[in-house]
Amino acid sequence: MLFNSLGFCAFFIVVTTLYYMLPWSGRWKMLLVASCYFYMSFVPAYILILLVTILIDYGMGILIADAQGRRRKLYLLISIVSTCLVLFIFKYYNFFAFNSRQFGHLFGLTPNIPLSHFILPIGLSFHTFQSLSYVIEVYRGNQKPERHFGIYSLYVMFYPQLVAGPIERPQNLLHQFYEHHAFSLENVMRGLSMMAWGYFRKMVIADRCAIYVNKAYGDWQNCSGLELLLATVLFAIQIYADFAGYSSIAIGAARVMGFELMTNFNHPYFAKSISEYWRRWHISLSTWFKDYVYYPLFGDHVSIPRHFRALVITFTISGLWHGANWTYVVWGLYHGVILVLEALAGKWWRNNGFAWTAARRTVTLVLVLIGFVFFRAQSLTQAAGILARIGHSTSLSMVSIQDAVLLATGDSSSLALMLATVLLTVGMFGVEWMQEKRFWVFQDKFAQSIQWQAAAVVLLFQAVMMFGMLRASSFIYFQF
Amino acid sequence: MATLLKTLFAAIALLAVLVAIKFECEHHLAPTTSGIHGAMVQPRLDVLLVGSSHTRQGYDVRALEEQTGKSAFLVAYDGLDLRNMLPLLRLLLADPGKRPALLVIEANASTLARAPGIEDPRFFFDAPPGLKRAVIRDYMRTHQGKNCYLDMWSLIANRGSETILTWPLVHRLVDSFSYRGGYMSKDMTGIPPALFPSERVPVEGDIVNPDQVAALREIVKLAAADHVKLIAADPPMPGPAEAQPEMMSLKKSWRGLAAADEIPYFQGADGFPTDDPALFHDSNHLSTAGRALYTQRFGEYLRSKLQAAN
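Those protein sequences? They're chains A and B, same order as listed. In terms of our numbering, the first sequence opens at residue 77 and continues consecutively. In terms of our numbering, the second sequence opens at residue 1476 and continues consecutively.
Calculated from the structure, these hints are not laboratory results. Just so you know, even glycine gets a beta-carbon here, dropped at the ideal spot from N, CA and C. Honestly, I wouldn't trust all of these hints.
[What the hints assert, rightly or not] Partial selection, computed: residues in chain A whose CB lies under 8 Å from chain B:
(1) 442
(2) 444
(3) 489
(4) 533
(5) 534
(6) 537
[As the list claims (entries may be wrong)] Residues from chain B that keep clear of chain A, each with C-beta distances beyond 10 Å, as calculated:
(7) 1502
(8) 1506
(9) 1540
(10) 1620
(11) 1704
(12) 1720
(13) 1739
(14) 1764
(15) 1774
[What the hints assert, rightly or not] Facing chain B, according to a computed beta carbon distance under 8 Å, are these residues of chain A, among others:
(16) 488
(17) 493
(18) 495
(19) 530
(20) 538
(21) 541
Start from the sequences, fold in the hints, and give me the full structure.
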C-alpha cells in the first residue's frame, strides 16, 4: 500500500478516525493491527521475518537490562549478529555469493555457491536499524527495556515510518505510545499540511522527473552527453523530492495523531560543503551511523589519520546499507573520500565571503551530482560510461538542446513537460529557500496560524490533483 | 472539527471550479498550426489527412501541396484509432462551408486489432467541450471498472495541465515547429542496419476489433452523407514489421473492409523499398528520407485520383 495510492487515503482516514475514537488501551492495539495490515499489503508472508527481529530484540533488550557484567555484552552481540544475519540473508546473500564466484574465477576456481530466490522484504534495512538502535540504547543505559511486547512491536512497526524511516531512536518514540494524545486541530492541520507538501514533492516533482531519468538511464548508450547530464540533474531532484516527500508524508501522518517523528531532511541542496550536506540529508540515517558505527568503533577523540580512516569506512558501510551492489559501495566510498579531502582543505575551504559561499554551494552540488551517477547506475561500467559521455560529448548547440528536450516523450508534449518540471521545481526550491532563510511567512504565519496551514493544504491539494502524476509509483527508498 | 470540514469543503469546491474551467476552456490554448484547433481555423481544404503518429511521420505536407497544387492539412494524435477518429471527423465535417474535398484516413493495420483507447492526452486537451463529452461517453461505453473512472478523471482534471502552465512559451514554439499539422524541420534518422531485422510492431493478435470496424462503417457513412471523398492510406513500415503474420492478416482484413465499402485503399508498402533501413525511423514511423519518398508516391496517387474526379 503506497502512500500515494487511493487505498492509503482510505486507510489513513479510517486509522486516524479510529485512533481518536478509542481509549488509550485500544489505541495501541488498533495501531499495531493497522501497522501489520499496512506491512502485509506488500508481501504478507514477510511479516514473519519482522516478527523474528522483534522477538529477538525484545527478548535481548530485557536480558541486557537484567544481566550484569560480560553477559550484557554477550546478549548485545547475540542481538546484533542475529538481526544482521536476517539482513544478510535477505539483502546481501546473493551479492556475497555472486562476488565469491567471480573472485573464485580469478584463481581458476569454480565455487558452487547457490543463489537464493528471496525477494527483499520491503523496508528491511530501516526496521532492522531501528530495532538495533533500541538494543544498543538499552545496553548503554540510555533507555529502559520495554517490557510491554505490544508497545515494543509498535515501536518497530509504527506504520508511518515502517518501510522507509525516519529511523527513530527509542528515547524519542517509545514514550509517545504511552501518552494520551487528545484531538488537537493544531496537530491535525500541521500534519495535513506536511503530508500535502510531501505529496506535492513526490507526485508533482519526483514522478515528473522520473519520466526523463528512466528514459535516459534506461537507454544511456544511445543518449548524448547533454541528455545524460540533464538526466543526472533531474535524478538529484527526483531522489530528493521522492525521499523528502515520503518523509514529510510519514512525519505528517504521525503528527495528525499527535506523534512527533524526527526531521529527516533539512534542505540539503543548500549545503555549502559535503559535511554540511550529510548533516542535512537523511538525517536519521547519518546520525545512526555516527552514533552506532563511527563513535563506537573509532572513539571520540582520535588522531587525524584514524578519523579519516573512520570516515571512509563508515561511509562505505553506509553505501552498502543502501543496496547490495558495488555502485552503492563506490558511492559511499566516494563521499567518504570527499569528506577527507574537505577536512584536509580546512579553513581555506571554509571561507565565508559571498562569492566563496556561492562557489562552495556550486562545488558541493556538482560533487553530489557525480556521486548520484553511481547511485542511479545499474553497474560500475554503466556509471563510468555515463560519466565519460557527459565529460566528452556534452554539446550545447541548439540541435542538441532540442534533442535533449524531446527525449522525454518524443513529441511536442516534451516541451511542456520539461518547462513545467523547471517551473515547479523552482517553485519547490523557492519555498524551501524561504524556509531556510526563515521568511516571515513561515515564521509568523504558517508556523502559528491554523488558517494559513489550511490554506496551504487547499492549494497543495489543487496542485497535486492537477499537476501530480496520479498513477501510484513506488518510492525510491522502498527498495532499501 | 468545523475548521477541518471547511478546509475539506474548500479544497473540493476549488478543485471542482478549476476542473470545470479547465474542461471548458483549455482548447483555447491549443496550438493553431496543428491539431484540431489548427484544422478548424483553416478555410475550405482540398485534402484533410487524419491519423496517428504513423500518419504525422508519413507525410511532408508542404511537399504534398507543391506536388498536387492543392491545399492540405494533417490532424494527427499518437495512437488515434478509428473509434476516436469518428467523433473527431463529426466535428471537422460539421460545417458544410469548410468540408474538405478529400478525406484521407489512416488505414493502420495494427489499430484494427486494438481495443479503443486514448493514447495521446493532447487529443482530449485540443478538443472543444462538445467533442470532449462525446469522447467521454464513448470511453465509458467501451470500458468498465474502477480504472475507467480514474482514467477519465486523470484526462479531465490532470492531463494537459503542464501545457496550461507553460502555455505562452510552448504555444509559440509548437506553432513555429509545424506546417499545417505536419513536421516542418524535424530530422528523423534511419534505423541502424544491425537493428533493422529485429524491428517488430506490437500487435494485439490478428482478430479484428468489432468496435473499430463499426467506427469505420460510421466514418464511411458520414463521408458519404457529407459528400466528402474518402481514401484509406497506410504509410509503409519496415520489411520485418510488414512481414509479421499478424500484420499481414490485418492488412488483408483492411483490404477486405475497404473493398466491401468501396473505399479506395492505398497500401504504402506496395512497391516501396521496405528493406532499406535508412527510410525508417523505427518499426512504425518513416525517417525524413522515407517521408519524402512516400509523400512523393502518395502525391502521384492523389493527383491521379483528383484528375479522375475532375
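Taking the hints in turn, this is what the structure says about them:
no. : hint : in the structure
1   : 442  : 28 Å, violated
2   : 444  : 27 Å, violated
3   : 489  : 6 Å, holds
4   : 533  : 6 Å, holds
5   : 534  : 5 Å, holds
6   : 537  : 4 Å, holds
7   : 1502 : 15 Å, holds
8   : 1506 : 8 Å, violated
9   : 1540 : 22 Å, holds
10  : 1620 : 14 Å, holds
11  : 1704 : 30 Å, holds
12  : 1720 : 28 Å, holds
13  : 1739 : 30 Å, holds
14  : 1764 : 18 Å, holds
15  : 1774 : 25 Å, holds
16  : 488  : 5 Å, holds
17  : 493  : 6 Å, holds
18  : 495  : 4 Å, holds
19  : 530  : 4 Å, holds
20  : 538  : 6 Å, holds
21  : 541  : 6 Å, holds
In this structure, the earlier hints numbered 1, 2, 8 are contradicted, and the remaining ones agree with it.
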